[in-house]
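*Asks:* Read off the chains here:
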Amino acid sequence: MRNVRVARRYAMALMTAAGEQKALERTSKDLEAIAGVLNGSREFRVLVASPVVAAKRKSGVFKELFGSRINRETLDFVDLLLQKHREALLLDVIEQFNALRDEKLGIVTVGVTSAIECTPPQQKNLQTSLEQYTGKKVRMHFSLDKTIKGGLLVRIGDTVLDASITHQLEVLKTRFVHGMDV
Amino acid sequence: MAEVRPDEVSAILRRQLAGFEKEVDIYDVGTVLQVGDGVARVYGLSKALMSELVEFPHGVFGMVLNLEEDNVGCILFGESSEIKEGDTVKRTGRVASMPVGEQMLGRVVNPLGQPIDGRGPVHTDKIMPIERKALGVVERQPVKEPLQTGLKAVDGMIPIGRGQRELIIGDRQTGKTAVAIDAIINQKYTHTEKAKKDGVKPVYCIYVAVGQKSSTVAQVVDKLQQEGAMDYTTVVAATASDPAPLQFVAPYTGATLGEFFRDSGRHALVVYDDLSKQAQAYRQVSLLLRRPPGREAYPGDVFYLHSRLLERASKLSDALGGGSLTALPIIETQANDVSAYIPTNVISITDGQIYLESSMFNSGIRPAINVGISVSRVGGNAQIKAMKRVAGRLRLDLAQYRELEAFSRFGSDLDKATLAQLRRGSRLVELLKQGQFVPMPVEKQIVSIFTGTNGFLDEVPLEHVQRYEIEFLELMDLKHPDLLQEIVEKKDLTKEITEKLTAIAKEFTESFKASVKVSE
Chain A
1 MRNVRVARRY AMALMTAAGE QKALERTSKD LEAIAGVLNG SREFRVLVAS PVVAAKRKSG
61 VFKELFGSRI NRETLDFVDL LLQKHREALL LDVIEQFNAL RDEKLGIVTV GVTSAIECTP
121 PQQKNLQTSL EQYTGKKVRM HFSLDKTIKG GLLVRIGDTV LDASITHQLE VLKTRFVHGM
181 DV
Chain B
1 MAEVRPDEVS AILRRQLAGF EKEVDIYDVG TVLQVGDGVA RVYGLSKALM SELVEFPHGV
61 FGMVLNLEED NVGCILFGES SEIKEGDTVK RTGRVASMPV GEQMLGRVVN PLGQPIDGRG
121 PVHTDKIMPI ERKALGVVER QPVKEPLQTG LKAVDGMIPI GRGQRELIIG DRQTGKTAVA
181 IDAIINQKYT HTEKAKKDGV KPVYCIYVAV GQKSSTVAQV VDKLQQEGAM DYTTVVAATA
241 SDPAPLQFVA PYTGATLGEF FRDSGRHALV VYDDLSKQAQ AYRQVSLLLR RPPGREAYPG
301 DVFYLHSRLL ERASKLSDAL GGGSLTALPI IETQANDVSA YIPTNVISIT DGQIYLESSM
361 FNSGIRPAIN VGISVSRVGG NAQIKAMKRV AGRLRLDLAQ YRELEAFSRF GSDLDKATLA
421 QLRRGSRLVE LLKQGQFVPM PVEKQIVSIF TGTNGFLDEV PLEHVQRYEI EFLELMDLKH
481 PDLLQEIVEK KDLTKEITEK LTAIAKEFTE SFKASVKVSE
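Same order as they appear, the protein sequences are chains A and B.
Each residue of the first sequence is one higher than the one before, starting from 1 at the first, in my numbering.
Each residue of the second sequence is one higher than the one before, starting from 1 at the first, in my numbering.
If you are wondering where the hints come from, they were derived from the structure by calculation, not from laboratory data.
Do not take every clue at face value.
Taking CB as the label site, the calculated pair distances span [claimed, not checked]:
1. A:A54 x B:R291: 37 to 45 Å
2. A:R5 x B:D231: 49 to 57 Å
3. A:T159 x B:Q114: 26 to 34 Å
4. B:S10 x A:G36: 56 to 64 Å
5. A:R5 x B:Q141: 45 to 53 Å
6. A:E131 x B:P115: 24 to 32 Å
Ideal Cβ positions, reconstructed from N, Cα and C, are used throughout, including at glycine.
Just chain A, with the same shape it has in the complex:
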């Protein structure tokens, strides 16, 4: 099971600290950098997750890698995680932090799936209407999936706006099989 609960607590703490110091943007960029390295290097991931290596040594590694590139506060946060032996959750914490930041800034990530590529004007159109629909800033994420046959599948958080042909066909089939009492 994902450790959302624990990761969320740490993310909230970092969020509050960053908010006080008006350093949200900076912290966000720092975390992105860390996430980038973690995702890119398998060795680094293994090191961070390893229970054999002492926290002090991991802290040293972090300082060397990121010391010049990220802020003091972010480094301190990583040290805190190391102290509490929660460094394995680092990626989850970053994920939760991004989610919290989006919420704070009123940005919502929307995934749009279509059967064929959307043209730039279509994409722009979608963005505008979705921004109207959600009342927030929208970060679009486009993907292709031939199985929906046509139409669009828009996912906003947990809500799905299903305008795909596959779904329409399914509903039609149910209507035919069971009569109109669907």
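With chain A fixed as given, assemble chain B onto it according to the hints.
*Replies:* Then chain B, alone, in the frame of chain A:
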């Protein structure tokens, strides 16, 4: 039947398609994190409500039971074998419901309302949620009409009224289901024209089988069909091979079916067979949802599980139609231990219990009802006056007999009064024995008990008592049906009726005694 022509088919299809609006469907989703043993944990579903129905892939439905910070715990109403981690789960936006209506009568369904008797789909007009809040105090009125079970021991001494909850409790194989089935079969009379004339309203029955063997349920259905009882009965079956969530939910669906009749001013009887298995299914589901176990590993709210189910059985006030829902829950005890957790819970909820003992069953007293500790808290209000008159002494006589029963082993050398009581008691016990599937109408019960409590049996040898009863009732049927009818109409034993009965009984007893002497 006229054949549908091919061009008609295309026309219909075209019409269907033309009327079909292309809409955007909006639903909330989640992802399955963990699934197994009938329980699934779902990530997402942030807007899910408690007890909401959610849809898994492959047409499996589930119900939300646990709302936690980062996931939702659902129970699955179907096989979890095709559901994988990562599958998408949809909210349906509605609570678990059951189709209800007269169309459900005569059918065998599962707790989802789907028929399992192979006779095609059930088309009902109404759907009601399975979890409903029971009515408040103002909407109810006290129980006052009898629900005749057809068993002399019950209708005489532990009478059940319409709207009451009476628990049937006992060890395994003591005849608990038999009592309930006899009660259902006896309601056949209430659906006849004669009953209407006599002022008896029809009772619709629902039999909920929880965790039983499918073969047992098949036998029950077969028997009900033979006796013509299926016409007014619905059977809801969640057998032992059904997933625990279905077994847990089955009694609630039965209550919903009954409430449909109750709320429309009619009367219904629902039998829960049995609630011990429902508690076990609920325990399984709760432990898998990681709810903390309490006494005997049952979850903390196992009392609420049964109390909210049984509170739905009630008699409505006249303003709401005067309908009623009577509940006959069944609990199985282990080694006659009524002080175990679940039995004590249900005893404290119901309005009385019928206690069946295996020792009585084994010594041939069937129904094996221990009248001493069986109770009906509605009592006399649920009996017609005639029965009250006749059965009033019955309980007392039997109680005194039981006190003295130990002495009967000593044989002779007892004073006259004691001997008389022993004679009377043993004959009453014989009289109260009854076969299975032969429920007796109330007027016959009254007449039969009349012979017992008025001493006509005292001179009949013990082994001939049952034959006496059979022949006496035959006599009443053949020669004095009008007297029986008078009892039904007047609902009381007036002086004249009593005199007539006494005369008939006296005459019959004489001739019977003579016939006994001849045969010896």
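*Asks:* Against this structure, judge whether each hint is valid.
*Replies:* Tested hints:
1. For A:A54 and B:R291, the hinted distance range of 37 to 45 Å is satisfied, since their beta carbons lie about 40 Å from each other.
2. Distance hint check for A:R5 and B:D231: the Cβ-Cβ separation is about 56 Å, which falls inside the suggested range of 49 to 57 Å.
3. Checked against the hint of 26 to 34 Å, the C-beta distance between A:T159 and B:Q114 comes to roughly 30 Å, which is consistent with it.
4. For the pair B:S10 and A:G36, the supplied restraint of 56 to 64 Å holds, since their beta-carbon distance comes to about 60 Å.
5. Restraint check, A:R5 to B:Q141: a C-beta distance of roughly 51 Å satisfies the suggested window 45 to 53 Å.
6. Between A:E131 and B:P115, the C-beta spacing of about 49 Å breaks the proposed range 24 to 32 Å.
Of the numbered hints stated above, the single one contradicted by the structure is hint 6.
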